[in-house]
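Please model the entire structure based on the sequences and the hints provided.
Going line by line, the protein sequences match chains P and F.
Sequential numbering of the first sequence, starting at 1, is according to our numbering.
Sequential numbering of the second sequence, starting at 1, is according to our numbering.
The set of hints was computed from the structure by calculation and includes no laboratory data.
Heads up, a few of these hints could be off.
[To be verified] Take a look, some chain P residues computed to stay more than 12 Å from chain F by CB distance: (1) 23; (2) 27; (3) 32; (4) 34; (5) 50; (6) 54; (7) 60; (8) 110; (9) 112; (10) 266; (11) 270.
[Stated by the list, open to error] SDA-like, lysine to any residue: derived pairs with alpha carbons at most 20 Å apart: (12) F:237 with P:88; (13) F:237 with P:229; (14) P:232 with F:237; (15) P:150 with P:188; (16) F:237 with P:230; (17) P:99 with P:57; (18) F:44 with F:24; (19) P:52 with P:262; (20) P:95 with F:234; (21) P:232 with F:130.
It should be emphasised that the depicted structure is a prediction, and the values quoted were computed from it without experimental measurement.
Positions of the beta carbon are idealized from the N, C-alpha and C atoms, including for glycine.
Residues per chain, in single letters:
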Amino acid sequence: MAWFKKERKPRTPVRERREVPADAWEKCDGCGHMDIRDKFERALSVCPECGKHRRISAEEYIELLTDEGSWRELWSNLRSEDPLLFESYPERLTKAIAKAGPADAIYTGIGRLDGLSYYLGVMNFAFMGGSMGSVVGEKIARLARRALQKKRPVVLVCASGGARMQEGVYSLMQMAKTSAALAQLGLHGIPFITILTDPTTGGVSASFAMQGDVILAEPGALIGFAGQRVIKQTIGQDLPEGFQTAEFLLDHGQIDDVVPRGSLRDTTARLLRHMQGARARYEMADAV
Amino acid sequence: MATAYTLEFEKPLQELDRQIEELRRSSTERGTDLTKEITALEAKLAAQRDEIYLNLTPIQRVMVARHSRRPYTLDYLSTIFTDFIELHGDRLFRDDPAIVGGWARLGGQSVMVIGHQKGRDTKDNLRRNFGMPHPEGYRKALRLMKLAARFGAPVLTLIDTDGAYPGLGAEERGQSEALARNILEMSVLPTPIVAIVIGVGGSGGALALGVADRVLMLENSIYSVISPEGCAAILWKDASQRERAAAALKLTAGDLKRLNVIDEIIPEPPGGAHTDHDATGEAVREALLRHVGELRKVKPDKLVRRRAEKYGAMGAYTEA
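Listed below in C-alpha cells is the structure:
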C-alpha cells in the first residue's frame, strides 16, 4: 500500500513554460545577444551588449531630435512625378507611399530642440531606399530658403542609397539644386549640421551630406560615394575590414565625430548653441 | 582607312569603305581610271553615314560618346585655345592627370579651362585612369576655379568622364566630399562658368565640373545619373539590357534640352565628332565665344543669383 504516494501533477513541458509572446524578445544581428524588446527600445534600438546601432525609422529620429509636441511638418504635400515616363516608376511610387507614407523620401519641418527652434529634415529610408528625386531636392531647397529667411539653423539626418534613377538627370540635378540653396546658409552665417546614418551613399553623400558645417555620424553607419560591389569589381580585390564605416571616415578625417544615438540629441543641441552663439557675437561686432 | 568605322552599327559603312579601298588599289595597280566609280561609292557612303547618324538610337549615341577617337580636352586645347599653360596639383596630395586645367586664351581673352582627360592608348589611359578622377583631381579643379574668379576670368569646363573613380584611395581621401564641395562652390563662384559635355557626362563625377551658368552638349554626347549598364544591372539584374536602360534614362543631348537641363546642343560633323576634330572644335569655339561674351556683360553677383534660380527650378513635382 502506498500511503505516501506522491501525487503527480502534470508538468508543462519546459519549452511551453518558457514561452512568452514572440515579439517580446529581440536578437541583436551584430552579436546575437537576446534581450527583452523593451530594453532595446529604451536604448533607442542600440544593442545593450555590443552597442550595434540598428536602423530606426525617420519618425523615430524626429521624435529623438525635437522637444515633445514641437514638430510641425512642412511641405508634406509635394509628390513625385514621372518626368521621363520611366517604366514601372508610377507603380513603385504607389507602393512606396503605401509602405512609407506620402512624404516621399524625406520629412521636412520645424521643431524645437531644448527650446531652440530650428529646421529639420529627416530622410526616410523606407521610401524607395531614401533615394533623392525631385521632391527630396525641392523640400531641402525650401527648408534651406526658409531657414535663411527666418535665420534659424538647419539639421539634416541623412539615410539614402543615392539618386533616384527613375528620375534620370533630374535626380542628378537635385545635387546641384540642394547645394545651391544650402550654400546660402554658409554665406549668411546660418549653422548647418548633417547627421549621417546607415546608409549614406551615392548622390546624397556626394552633395548635402558632406556639406555640413559639422558632420556627425552614427556608429557603424555605412557612408561612402561608391557601392562596395562596384569598388570590388573595379579594383579586383577584397575590401578591408570596416571600410566605409563611420569610424573609417572619422579616421580619415572626413567627418567631425561619431556620436552614439544616445548622445545624438544632446550633442546636436550643444553644437547648435555653440554656433548660434558665435553668430550672435558676430552680429554684435558687426553692429559696433 | 578601313578602320574609320569601328562601331557595331557602322558595319554597312565598313563594307562600303572596303569596296572604295579596293577600287583605289586596283586603279593604281592596273592604271585604270576608276574615279567615277569611286566618287559614286563615296557619295553613297556619305549619304548612308548621314542617314545612320541622323537616326542614332540612344545606345548608339552612348557608343559614339565613348568613341576612342573622339576629341578630348587636350585636343580642344590645341585646336581652339592658344597660349595654354597647364597648372598641376591640388596642393594637398598629388596631381591627378584624369583632370587637366590651366590658363588659356580664347579669341584673345584669358580663360581658365578645366576638363576631364582620357588617354588615347593603354599607357596613357593607365596614367589618366581612363578619365576617372580621384578627389585630388576635383580639388585641383576647384583650386583653379577660385584662381580664375580671383582674377575675373571665365571658367570653361569640358566634361568627359564615366564617373568619379570608385576605388579604395578615392574613398579614403573623401571622393564624396570632393564632389560635394565642388558642386557647392560652383553654385556661388563669382565668375562666368560655361560647361560643355564633350563626350560622356557620367553622374556626380561630371556634375562636379558641371554646375554652370550655361551648360552645352555636343550633339552625340550623353549626360546621365548612371551608366546604362549600371542602371540595367540594378533594375533588371542584367547589364546586357543596357539598350533598354539607355532609352529609359533619357540621356541624349536632345532629351536634356527637352528637360530644360541644358541650354544648347552643339552640332557635330556628319559621322560624329571623331571624324573631324577641327570642324568640331570650330563649332565648340563659336558657341563658347558667344556664351562667354553674353555672360561677361552680367555682374558677378547677378550671375550667381541667376545660377541659383536656374538650379532652384530644376525637377518635376506636383503639390497635392
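Comparing the hints with the structure gives:
1. For residue 23 of chain P, the requirement that its beta carbon stay farther than 12 Å from each beta carbon of chain F is met, with the minimum near 33 Å.
2. In this structure residue 27 of chain P is separated from chain F by more than 12 Å, as the shortest Cβ-Cβ distance comes to about 30 Å.
3. At roughly 29 Å from the closest C-beta of chain F, the C-beta of residue 32 of chain P stays outside 12 Å, upholding its exclusion from the interface.
4. With a least beta-carbon separation of about 35 Å from chain F, residue 34 of chain P lies farther than 12 Å from that chain, consistent with its non-interface assignment.
5. Non-interface call for residue 50 of chain P relative to chain F: holds, since the shortest CB-CB distance, roughly 25 Å, exceeds 12 Å.
6. Residue 54 of chain P, annotated as away from the interface, keeps every beta carbon of chain F farther than 12 Å; the closest lies near 24 Å.
7. Annotated as non-interface, residue 60 of chain P keeps its C-beta farther than 12 Å from every C-beta of chain F; the closest such distance is 25 Å.
8. Separation of residue 110 of chain P from chain F is adequate, the least Cβ-Cβ distance of about 19 Å exceeding the 12 Å criterion.
9. Against chain F, the non-interface label of residue 112 of chain P holds: every CB pair exceeds 12 Å, the least being about 27 Å.
10. At the 12 Å boundary, the C-beta of residue 266 of chain P stays outside the reach of chain F, the nearest C-beta of that chain being 26 Å off.
11. Chain F leaves residue 270 of chain P outside its interface by the beta-carbon criterion, the shortest separation being 24 Å against a cut-off of 12 Å.
12. A C-alpha spacing of about 15 Å is found between residue 237 of chain F and residue 88 of chain P, which places the hinted pair at or below 20 Å, so the restraint holds.
13. Pair hint residue 237 of chain F plus residue 229 of chain P holds up; C-alpha atoms about 13 Å apart against a cutoff of 20 Å.
14. Restraint check: the Cα-Cα separation between residue 232 of chain P and residue 237 of chain F comes to about 17 Å, which is no more than 20 Å; the hinted pair holds.
15. A threshold of 20 Å between alpha carbons decides the hint, and for residue 150 of chain P with residue 188 of chain P the separation of about 12 Å falls inside it, so the pair holds.
16. A threshold of 20 Å between alpha carbons decides the hint, and for residue 237 of chain F with residue 230 of chain P the separation of about 14 Å falls inside it, so the pair holds.
17. Of the pairs offered as hints, the one joining residue 99 of chain P and residue 57 of chain P holds, with about 12 Å between alpha carbons and a cut-off of 20 Å not exceeded.
18. For the proposed pair residue 44 of chain F and residue 24 of chain F, the alpha carbon gap of about 16 Å is at most 20 Å, so the pair holds.
19. For the given pair, residue 52 of chain P sits about 12 Å from residue 262 of chain P by alpha-carbon distance, which is consistent with the 20 Å threshold.
20. A distance of roughly 18 Å separates the Cα atoms of residue 95 of chain P and residue 234 of chain F; the hinted pair therefore holds under the 20 Å criterion.
21. Among the hinted pairs, residue 232 of chain P with residue 130 of chain F is consistent with the structure: their alpha-carbon atoms are about 17 Å apart, no more than 20 Å.
In summary, the structure agrees with every hint in the numbered list given earlier.
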